[in-house]
Amino acid sequence: MSKTMTALTPKHFLWRTDGAVAVIQLNRPDRKNPLTFDSYAELRDTFRALPYADDVKAVVFLPNGGNFCSGGDVHDIIGPLVAMGMKDLLAFTRMTGDLVKAMLHCNKPIVSAIDGVAVGAGAIIAMASDLRIATPAAQTAFLFNRVGLAGCDMGACAILPRIIGQGRAAELLFTGRAMTAQEGERWGFFNKLVAAEELEQEALALVRRIAAGPAFANGITKTQLNQEWSMSLDQAIEAEAQAQAICMQTQDFERAYRAFVAKQKPVFEGD
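To get our numbering, take the position in the sequence shown, counting from 1, and add 9.
Be aware that one or more of the hints could be misleading.
To be verified - Quick list of the computed label-pair ranges, beta carbon to beta carbon:
#, residue 1, residue 2, range
1, V91, S241, 40 to 48 Å
2, M104, M14, 20 to 28 Å
3, A268, M14, 26 to 34 Å
4, D85, A271, 54 to 62 Å
5, P19, M240, 29 to 37 Å
6, G197, M240, 15 to 23 Å
Simulated from the structure, these hints should not be mistaken for laboratory data.
Backbone N, C-alpha and C fix where the C-beta goes; we use that ideal spot for every residue, glycine too.
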């Protein structure tokens, strides 16, 4: 059953649509956009709904007020956590992990555009995105170690080494230090660095290009990218054979063929 999300009006973050692109911004720029219990839950629920939204084909996270996200709010989250028992603590950590799982399973490519700080859960949101671009001033830190916690938060020990390598991930997770934008680009965390004044334009251009592609096939690509890490090579090749055969049944595949024959650019509709 399809769902329309163009008119979504979340309470705890900014949401707008640009054609088939959903644009998300955390909206507490005076505090560098920290997350709260409510914004965590609302983001999780939004990404859980996205697989059923035919009007959204890709998502972009943009910074707000010169920063991406400063992680969990010290007063609204960290303080209350200190007073919680194990049952409530586990409910919280599972909820934050559910946001990452929802991002991975939403079937929509996600681009994060990083400026200023992206730390703690902000770094995790960037990590869980499919593509990342940043400004030279971006500072990304998985700073859980610096507040007395393990680096294994919200999938960091599984996902970050896949992006930047085991040794580099281990250093960041054991020390909590900030990864500079230049390191992030060199290590493959960032796909591209751009000037701050060009960041939003570049991010939107990238996500619009993705959204103009074959949406169903892009969803399959995202699924396979995430699932094949746990497959043997033989399993991965077979899974891709099955996935590609499914995509060959789509109207977009036929549209691309007919456009090629007519020497035209295909216009994909996602079916």
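Each hint tested on the structure:
no. : hint                     : in the structure
1   : V91 to S241: 40 to 48 Å  : holds, 44 Å
2   : M104 to M14: 20 to 28 Å  : holds, 21 Å
3   : A268 to M14: 26 to 34 Å  : holds, 29 Å
4   : D85 to A271: 54 to 62 Å  : holds, 57 Å
5   : P19 to M240: 29 to 37 Å  : holds, 35 Å
6   : G197 to M240: 15 to 23 Å : holds, 21 Å
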